[in-house]
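Spelled out from the first residue to the last, the chains are:
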Amino acid sequence: MKAFTQVISHVAPLDRPNVDTDAIIPKQYLKSIRRTGFGPFLFDDWRYLDPGTLEVDPATRRPNPEFVLNEPKHAGAQVLIARDNFGCGSSREHAVWALDDYGFRAVIAPSFADIFFSNCFKNGVLPVTLQAEEVQAIFEAVAADAAAKVTIDLPAQEVRLPDGRVFRFQINPHHKHNMVNGLDEIGLTLQQADAIRAYEAKRRAEAPWLFN
Amino acid sequence: MAKTLYEKIWDAHVVADQGDNSALIYIDRHLVHEVTSPQAFDGLRMNRRKPWRLNANLAVADHNVPTTADRVQGIKDPISRAQVDALDANCAEYGITEFRMTDHRQGIVHVVGPEQGATLPGMTVVCGDSHTSTHGAFGALAFGIGTSEVEHTLATQTLVLKKAKTMLIRVNGHVGPGVTAKDITLAIIGRIGTAGGTGHVIEYAGEAIEDLSMEGRMTLCNMAIEGGARAGLVAVDDKTIAYVKGRPYAPKPEQWDAAVANWKQLRSDPGAKFDAVVELDARSIEPQVSWGTSPEMVGPVSARVPDPAKEADPVKRNGMEKALAYMGLAANTPIEQISIDKVFIGSCTNSRIEDLRAAAAVVKGKRKAANVKLALVVPGSGLVKAQAESEGLDKVFTEAGFEWREPGCSMCLAMNADRLEPGERCASTSNRNFESRQGQGGRTHLVSPAMAAAAGIAGHFVDVRSL
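Chains as they are written, first to last, in the UniProt record's numbering: chain P, 1 to 212; chain C, 1 to 467.
Don't take every hint at face value.
With a Cα cut of at most 27 Å, we get these calculated DSSO-like pairs of lysine-lysine [unchecked claim]: (1) C:Lys264 with C:Lys165; (2) C:Lys310 with C:Lys322; (3) C:Lys76 with P:Lys73; (4) P:Lys2 with C:Lys163; (5) C:Lys322 with C:Lys162; (6) C:Lys310 with P:Lys202; (7) P:Lys202 with C:Lys3; (8) C:Lys3 with C:Lys165; (9) C:Lys163 with C:Lys3; (10) P:Lys176 with P:Lys73; (11) P:Lys176 with C:Lys165; (12) C:Lys310 with C:Lys3; (13) C:Lys264 with C:Lys76; (14) P:Lys202 with C:Lys373; (15) C:Lys162 with P:Lys176; (16) C:Lys264 with P:Lys202; (17) P:Lys176 with C:Lys163; (18) C:Lys162 with P:Lys202; (19) C:Lys264 with C:Lys239; (20) C:Lys252 with C:Lys373; (21) C:Lys252 with C:Lys239; (22) C:Lys310 with P:Lys2; (23) P:Lys202 with C:Lys50; (24) P:Lys2 with C:Lys50; (25) P:Lys149 with P:Lys2; (26) C:Lys76 with P:Lys202; (27) C:Lys322 with P:Lys202; (28) C:Lys8 with C:Lys252.
In silico contact screen, one side only, chain C against chain P (beta carbon under 7 Å); selected entries [what the hints assert, rightly or not]: (29) Asp20; (30) Ala86; (31) Gly95; (32) Thr97; (33) Pro253; (34) Ile457.
Here are some, though not all, of the chain C residues that point toward chain P, as calculated from beta-carbon distances under 7 Å [claimed, not checked]: (35) Val35; (36) Ile79; (37) Ser80; (38) Asp129; (39) Ser130; (40) His152.
It should be emphasised that the hints constitute simulated quantities derived from the structure, not laboratory data.
Just so it is clear, CB atoms sit at the ideal spot from N, CA and C, and this is done for glycine as well.
Construct all of the structure, not just a fragment, from the sequences and the given hints.
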C-alpha cells in the first residue's frame, strides 16, 4: 500500500450529504476485473451529460459544466470535501479505487459510512473526520478562494488552513501506523499464523460443526 | 458481567487482541460473488498465497447473471460474461465450491447462504457485499467487506476489526395486518437516519421482531446497512433452529444437540448494556413508501411528499430539494397519487418464498395496470423458484401480466439487462433508492412485496390494507 504522511493541496468541494458509492462509481464499471483505471468514471452520472460504459472512451463524452469537479479551478485537487455519511451504501472498494485513480489522496467529511471508511485504509486514501463546523469552515475557505491550500498531516493528525487555523482529527492507531508506513496488512496478519491455527484447534474441539 | 449478543460472538472469535479496542477476528464463513472477488484472487496470485481454509468459502454468481430463460446459452454481454467466467476460473483453480449459473441452487448470495445452512447461528459471516448484514437474522455476526478484506479473508481466515458500539432497537407490540418486515425496517431507517447506526451493530428485539419468520428477519437485517450499521442481529429462538435443521451445510446429526445447546446461549443477557437504545411502537408502523434518493427519505403510504421549505437544517433542506428534483416529485403530493412505470419484486431484501407468496396473494385474479410497462418477479434462488412454481405462484404472476424470471440480483442494481430507462419510476422491493441505482436516471420507490404488487395492479401507490 502507498504510504501517506502529508498532503498539501487545494480542495474540491462536493456539497452533498449521503454521497453513496453508487454515485462515486456506478455499477456498470464494477464489471471490470481490474483494480485500476476507474478515475475517468468517478462520479460518472454527475460528471458527464451522456451515459457511459466501460466500452465508451470517456474522452468522447460531454462533461457536465455544472458539476463541481469539472470547474477548472478545482482541477488537480488531491483533497475532496463533502458532508455527512460520505461513502454510504454498497461495499464496492471500486469507490476508493476511483477516488485514488482520479488523484484524490484524502476525503474530509463530518462522518463516513463504515465499510467505505475501512476500504480507504487498504488503499492509502485518508478519510479525515472533522466536526461539522470545521467542515463548514473549509467549505467557506474554498468558496472564498478555490486556490486555498490545506495541509493534511497524518503523523500530527492535523488539517491546517492557510489562515493558520488548525483542526485536529482522531484516527485509530493501527490505521495510522499502517498508513504512515504503507504496510501490507495481509503480510502482518500472516505473521500471526500460529495464533490462527491455535484458535482453530480450540474452536474445532468446542464447535466442530463450524468446520464441516 | 452481562453481555450483549454481539459481545458474545465477538469474544468467541478473538484470535488475538490487538489493543486499542481492535482484534484479529476469526471468520467462519466467507461468501463470494463475481463482482468484488476477481481483484482479490489476483492479489493472492501476485503474492503467491493460497486460501487459508477452502471449506469456509462458498461462491455463487448473482450480480451480472441474466434473468431471462435464454441464459442457458450463456451471457450475451461480453463484459458481464468475462466477470462470471473469472469467478468460475478462480473457484476451479483454488478448489472453492461454487454454484454456477446453470446449477439449480444458484441465486442471490444472501438467499443461497441461509438456504443451504451455510449461515449458522453464532458464526462470523463475511462477503464482499454490504447486504451481508442479512445473515444477522440467524444470530450470526455478518457484515459486508471490501475487496482488500475479501483477499485478507481468503488468505488468513481472519480480519482485523475494531469492536463496534451496540445499538438495541426494540419494536414493541405487534404490527397490524398488511405491515411487513420491510415496513418495519424502512420505518426504523426513517427514524434513525441512514447514518444512525454508523459505528454500531444493531440488535433488533421486541415482540414485533419475535413475531417475524426467518424470511422476515432476513429482510429486517438486510437493511441494517441502510441505517448505517455494518451488521444487524436477531437473537436465536426456536424458529432459527427449526429453519437450519436438515439443510445441506447444517451440523451433522451427531453434532446437532451440541450445536443447539450452544445456539440457545445466543441472546443478550438480561441487564446487558447497549451504547444506544431506540424504541418503536409496532402499532404505529404503516406500510412504507420511500419518496427520495436515500432510504431515510421514507414515510407512510398515507402521507404526502414532504416539503423542503419546512426543513430547518440547511444541509438537509438542500438534500431534500436535490432528491425531489431528481425524483420528479412536487412537495405535498399525496404518496397514493404517484403513478409508476415499472414494478420490481426481487433482490436480497425481498425475493424469498414468503415475499413471493405475499405479492402473489395481492395479484391473484387481477391484471397489471395499463400504464405499468413492466412488472418483474425475480426469485432469489433456483430453489425459491422451484418452490414457488410447485405452489403455482408463477402462473398467478404471469396471468396478471407480470414476468417470471430466473434468479439473480437483477434490477436491484441493474448490472444485467434488467433496468429502468431515464425518468422511469419503479415500485421496488429492493433496498436502495439512490440516484441511477436501478438504471441511469431511474426513480426508485422502496416498498414491501405486497405494496409493489398492489402498485402494479393499481398503476400508482395504494395502501395494501385498503384492498
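Unmet hints by their number, sorted upward, for this structure:
The structure breaks hints 3, 5, 6, 10, 12, 13, 14, 20, 22, 26, 27, 31, 32, 33 and 34; every other hint is satisfied.
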